[in-house]
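Read top to bottom, the protein sequences are chains A and B.
Okay, so the first sequence: first residue is 1 according to my numbering, each after it adds one.
Okay, so the second sequence: first residue is 1 according to my numbering, each after it adds one.
Hints listed in this document are in silico derivations from the structure and should not be mistaken for laboratory results.
Think of the CB as a built atom: it goes at the ideal place given N, C-alpha and C, for glycine as much as any other residue.
Each hint should be verified, as a subset may be incorrect.
Computed list of lysine-lysine pairs in PhoX-like fashion (alpha-carbon distance at most 20 Å, straight line) [stated by the list, open to error]: (1) A:36 with B:323; (2) A:323 with B:36; (3) A:323 with B:323.
Which residues of chain A face chain B? A partial, calculated answer using Cβ under 8 Å [unchecked claim]: (4) 146; (5) 307; (6) 311.
Protein chains: 2
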Amino acid sequence: MEKTGVAIVGMGTVGAGVARLLYDQGDRIARHAGRKLWLTHAVVRDLKKPRDIDLPADVVTDDVQKVIDDDSVKVVAQLIGGIEPARTIMLKLLEAGKDVVTANKALMAQHGPELFDRARQLGRAIAFEASVAGGIPIVANISQCLSANQIVSLQGILNGTSNYIITRMDLEGASYDEAVKEAQELGYAEADPSMDVDGTDAVQKLAILSHLAFGARPDWTKIPKRGIDQLDEADLRYARQLGFRVKLIAYSKLVGGKLQLLVGPMLIKIGTPLAEVRANYNAVSAIGDAVGPVFFHGQGAGQMPTASAVVADMIDMAVGRTKITFETLELWAEGQTRVDMGDPGDLEGKFYLRFDVKDEPNVLAQIAGVLGKHEISIASVYQHDGDATTEGIVPLVIVTHLSAEKNASSAIKELDQLDCVKKVAERLRILD
Amino acid sequence: MEKTGVAIVGMGTVGAGVARLLYDQGDRIARHAGRKLWLTHAVVRDLKKPRDIDLPADVVTDDVQKVIDDDSVKVVAQLIGGIEPARTIMLKLLEAGKDVVTANKALMAQHGPELFDRARQLGRAIAFEASVAGGIPIVANISQCLSANQIVSLQGILNGTSNYIITRMDLEGASYDEAVKEAQELGYAEADPSMDVDGTDAVQKLAILSHLAFGARPDWTKIPKRGIDQLDEADLRYARQLGFRVKLIAYSKLVGGKLQLLVGPMLIKIGTPLAEVRANYNAVSAIGDAVGPVFFHGQGAGQMPTASAVVADMIDMAVGRTKITFETLELWAEGQTRVDMGDPGDLEGKFYLRFDVKDEPNVLAQIAGVLGKHEISIASVYQHDGDATTEGIVPLVIVTHLSAEKNASSAIKELDQLDCVKKVAERLRILD
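The following block holds chain A by itself, in its conformation from the complex (with noise of 0.2 Å):
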């Protein structure tokens, strides 16, 4: 049987898990790839570490060096994280002639155009399945299983440990810091969570979706986004007692041919497949032109989940696939996007409210008014009176009609000026 010689560089906990794939189901890989993945090098930071996975004394290696040099080697899984020296070394692995699999969202984010345009000047490839939703295979699906389509819409819960924190705090009245605790109790979260919590991550993630699906090329730092670390449990409360659920989300649409992206808190139907997405799941509901919706769910982190992107990425790789891929959608090649970004103010959408106002006669129809003046109509309203925390002051939650972005923004604006209302206190959109 045909060879093929693998690397691994960076060995934490997905490296770990890609090197058990490798070594202690070899025989299936090599079934499934018809060639034998031949693990030639592992590149640790530290070779005094202990790990969890026995390697042969001359796999194990701290130098990324001998990877370089090793002309056996056409493969590598390229785990390290951060952008440097993530990219410098990803450059060098693809001047030696090696194929680079990635699991490393924010330098795909941050540098995909850079690293894609390097990789086909050298006649090399690069794959990332492992950098959007873990084990969901949702690159391979929107860039070669459903390539007939026009995708219209795209949205995700692409953030794990948020979608675990809240799932506890909404279904398990958990406070927000005694669930981040149990995330990072249980491996979900980092020491620092905050890139996970303030949307960074989500909004990386939906930044190379909606490159592969609309053919788009955002700077991620300029999509709009929001995290769930300043949400109040309330809100959580409240939309579940309106029948919704409230989720981080990642969001991309076609309005009018422009693309629309947003990460933030809404509020989604329970009932509806997004809505149910429980603990550290991930999940993708995608609208094609041709397929009409379509929806994925697993496992969006975690070591074997994200090792089975990765060795199925090394296997596209080891055969063939992924250079094909490659060459015909001209990933993030030099050139025009093929898709305008919409004005984020012009983003229709039906919009939860809630004031904390003056518990005193006529606050409803200031309110309205001032609603109405600016064409937002009012679904229905909630006094939560019993929830006064103030003496005097009480909140109202509002569900609006559908109103553009930039018509509830200077609403509100004009609301917080009024005497009757101490504080718009939240603003969440409800996907539709």
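Following the hints, put chain B in place on chain A, whose structure we already have.
Same frame as chain A, but now just chain B:
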């Protein structure tokens, strides 16, 4: 831009959808394929029949020989249903040097080994994404995206007609006959829907998936099957009261290294993904040993969802990806099955049992005694007094704990002999 000549043989609903994508969305397809798919021939049965797509006169023909003789045609979407002449035409196309894309699950399930071996001898490939689950790209996901995994179980709702009928009965109280009639009016069911409602269609699709997922080579006619055509509406109601929905499930699972295959109506806990699949949708829930549980949901039939799968296959074929998959996976190659089939009698499960019993004391004790003798313990008992249809006879529903299929069968045989049991009216497996 490079051009690949393609043809469609069979211009029914799906064929017209494929032609529409190739014609109306030619630029998009070219962008996704890196080449133009050039429709050279569309073979119809009757030239005079009106169609809902206008094709140039020199493209439409009723002579498949034109396709066979045209060396510029490299990829053919062969969209004729049934076994013959579909089989003979496919062999002729392969022998003429064409790669073939098909949506014909009956042909794949019945003659897969013959056709695949012949294609391999000839250096050609066959793609069949559209033959299972319509628009859900389950073939590519199992055979490529999850290739690092051993699939350990795979359960699906694969027949949209049955799911439509059962959804209407369960959620809206339609009778079986009403629901069948509606399904026919909506185009979800054929004039003779027996292949759908008796489980034949689902079992053929399960045979294909079990080959991909487990390397099995089952004779589809020997897979235990039951359809939805004999279901009693009362059982949908009782199941719902117990927190379950009834769905037609194609079931496959590795148990002790052996493969269990089964098609039949089963109870699924409300709120779990498969239970909430509505109307004519399909879904597949799989577990891989690395990726864990993954779930796919989409339209299982219909013109454009199926055309989406066919055209994706045509693109993969034209760019060369399918060829690689076809060769590396050795689909349906001559040789041994990679997994032995388990004895259906050994398959454990929890069961829903409904009895018509005499309304007299001591009935439950007698039934429980027989079940206990066969090592079946009772999880819960529900007596539906109000539902007595015949004087003195009442329905009794029992939900069991885990027991082997053969124990349940022999217990039921014995229960049927009890004087107090008028009839064992239903036995349904509860999906674990």
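Here is how each hint holds up against the structure:
Only pairs whose Cα atoms come within 20 Å are accepted, and residue 36 of chain A paired with residue 323 of chain B is accepted, the gap being roughly 19 Å. For the hint pairing residue 323 of chain A with residue 36 of chain B, the CA-to-CA distance comes to about 19 Å; that is within 20 Å, so the pair holds. With a CA separation close to 14 Å, the supplied pair residue 323 of chain A and residue 323 of chain B stays within the 20 Å bound. Given hint, residue 146 of chain A at the interface with chain B, holds; its Cβ is 7 Å from that chain's nearest Cβ, closer than 8 Å.
Proximity of residue 307 of chain A to chain B holds as hinted, the smallest CB-CB distance being about 6 Å (cut-off 8 Å). Given hint, residue 311 of chain A at the interface with chain B, holds; its Cβ is 4 Å from that chain's nearest Cβ, closer than 8 Å.
Violated hints: none; the structure is consistent with every hint.
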